[in-house]
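Chains A and B are the protein sequences, given in the same order.
Sequential numbering from 1 applies to the first sequence in the working numbering.
Sequential numbering from 252 applies to the second sequence in the working numbering.
Heads up, a few of these hints could be off.
Pairs of lysine-lysine, DSS-like flavour, derived with a Cα cap of 30 angstroms [unchecked claim]:
#: 1; chain 1: A; residue 1: Lys100; chain 2: B; residue 2: Lys666
#: 2; chain 1: A; residue 1: Lys116; chain 2: B; residue 2: Lys551
#: 3; chain 1: A; residue 1: Lys50; chain 2: B; residue 2: Lys551
#: 4; chain 1: A; residue 1: Lys100; chain 2: B; residue 2: Lys551
#: 5; chain 1: A; residue 1: Lys50; chain 2: B; residue 2: Lys659
Derived from the structure by calculation, the hints contain no laboratory data.
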Amino acid sequence: MIKINNLHAQVEDHKILQGLNLEINAGEVHAIMGPNGTGKSTLASVLAGKEDFEVTQGTVDFNGKDLLEMEIDERAGEGIFLAFQYPVEIPGVSNINFIKTALNSIREYRGLEPLKAREMLDLVKEKQELLGLTGKLANRSVNEGFSGGEKKRNEIFQMAMLNPKFAILDETDSGLDIDALKVVADGVNQLRSRDNAFLVITHYQRLLDYIVPDFVHVLYDGRIVKSGTKELALELEHKGYDWIKSELETV
Amino acid sequence: MSETLVDIKLPELFSAENAFEVSEYEKFLEHARFVVIPARKQEDWRYSKVGSLLKKSYKRIEPVSYELPEAVMRMIGDSYSVVLVNGQFNHKLSVIPDGSWLEIKAHTSVPENGIEPSIKNIFALYNTATFTTEVIFRIPEDSHIDKPVFIIHARQGNSGYCASRFVIDAAKGSSVSIVEMYLESSDEGLYNTHVITRLRESAEVQHHCAITSMAEEHVVRNHFVEQHKNSRYTTGHFIFGGRMIRNTLHIDIEEEGCETNLFGSYMLNGREQSDIRVVMNHKAGQSNSSQNFKGVLTDKSEGIFNGIIYVQPDAQRTNAYQSNKNIVLTDDATAYSRPQLEIYADDVKCSHGSTTGQLDQDALYYAMTRGIPRRDAELMLVSAFIREAINGIEQICLQEYLDHLLQKKFSQMQK
Ligand SMILES: Nc1ncnc2c1ncn2[C@@H]1O[C@H](COP(=O)(O)OP(=O)(O)OP(=O)(O)O)[C@@H](O)[C@H]1O
Ligand SMILES: [Mg+2]
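Looking at chain A on its own, in the form it has when it is part of the complex (with noise of 0.2 angstroms):
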């Protein structure tokens, strides 16, 4: 699905990636873990394609095509989506709106027709249910005023509505209540699939008890020090992060 080659990015001259290696295939689940600052969003915003940073090595294929050439709109049409760590309010754009105008525009990049309001209205419909979220959100503008727990389903539910191929959840259980965190684990369960695969930033093992990995990396200073299974995460959760950075110092 995608294979993360000796990536660097930078914003001006600040270093954050330094050389990450990541190959992640379809049907899997990979977690990333590792201390604050060390550049996980930052990965997450690379693959999204922000323009803040700025590749300077290293490549990234995603299913046979070079994803950093891509435009960011692009990377959505081959598939990629990003669950925000910080999700951005548009004011005055409806929540319901915004999520049909980037169905159909993916779609069009596909080269299908838009979807009939019948279907659309169906599938909203469908995706709602599945976490959990009432209509009211629909109507208001995108993520403004929602509340933390809000703004993280309702990243979700344009996950569900997207279907992308490779979907990178940041820190998406930070700030979810634990009934939350189980709908949102289960809409997740419910999109996994031998087609696609997921990326999930997160700090907390609880979070991997719901959406269980078949991978868990470390990332520290810019680069996967360290990845194991989902034991590696529990580890983790014991002994946190000075042991990997003693094992570091000693190489």
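Chain A is fixed; fit chain B with the ligands onto it per the hints.
Just chain B with the ligands now, kept in the frame of chain A:
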């Protein structure tokens, strides 16, 4: 002519040629001595590109046959319409109501209420000597006009001068809504429009105006409004282009209990300029007024908002609000924003604010990560911004038409 008159040097624009009679032009000159000639030195005209306009000499041109664009006909639907081509009333294209509340007069002499001494604006003064058509609304007591009245300003032929004049007198308890539209043109010239509105007790007037894309045209509109007890006045001004568009809205609150809503937008590219001047004059208290103007500017265009709220000593319990927001898309485009308050009463609530910024880059990025192409995402944000002003309009057909103009204009701005 007396000697003093000879002394006045007026800019070429205000030539005698457009006047219908020598005597009227002389009357105009007599009054013109007491008004200021627009210049950069004057606060009122500081940022305006009026200088080059004053040196032009546009002349009245007789229209030949004219057809209304289909989109405009669709919007008018079965409403009433007054079509002015080069300022001249076109009966064939218009739909005039039965009944006597609407009167359309070709210029015969100085308008029935004469040149009002209070007019301190040279364009408005010149209008009274040169207007081709006068449209008079006399809405009788407690009458509610069932359909909006569209006034269509169209032009034909290059470099023309078009002047028209509107008097709206809404009697006690009456209501009317009026929609003016200046149609798209690639010609150059000047529209000089003068509007006098009087709302008697409990009257309600909605008066909107759309100026469609006319890159080479000049439009000077002077709007004088007088509101009496418990009246409601709503006016929206939507500008989609023009070499120089100058809108003056002067509202006097004469008695208590009034509501005034002023709003609008300007979207400009190239070297276009829109200059909005608002004087919101609260002479009596217990009234609410709001102003909400929004601009989107690109290339070397300029958007000016210069609005003042006066709250006179007797106008206690006035509630006045004023806002001007601009999105500037390129470094060369400029927004001049001057919201001002002058308050001489103590028990009032007034607030004003202005912001000028770029398109929200985070929102743009967010929308694009959802698959929305940049141009569409930009349009989405700009529409949301301008829509706030458009939403103040009651007529859905007009909202939709403005939405269409907005999209068309923005795609020109993105080039
Ligand atoms: N636009 C930016 N300008 C300057 N510095 C930035 C920018 N974006 C990120 N950084 C810096 O890059 C580093 C990595 O940030 P990033 O957001 O990727 O961390 P993170 O691993 O997601 O942290 P957290 O767990 O706190 O979310 C931080 O030091 C951050 O301050
Ligand atoms: Mg982060």
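ask   = For this structure, which hints from the list above don't hold up?
value = Numbers 2 and 4, in rising order.
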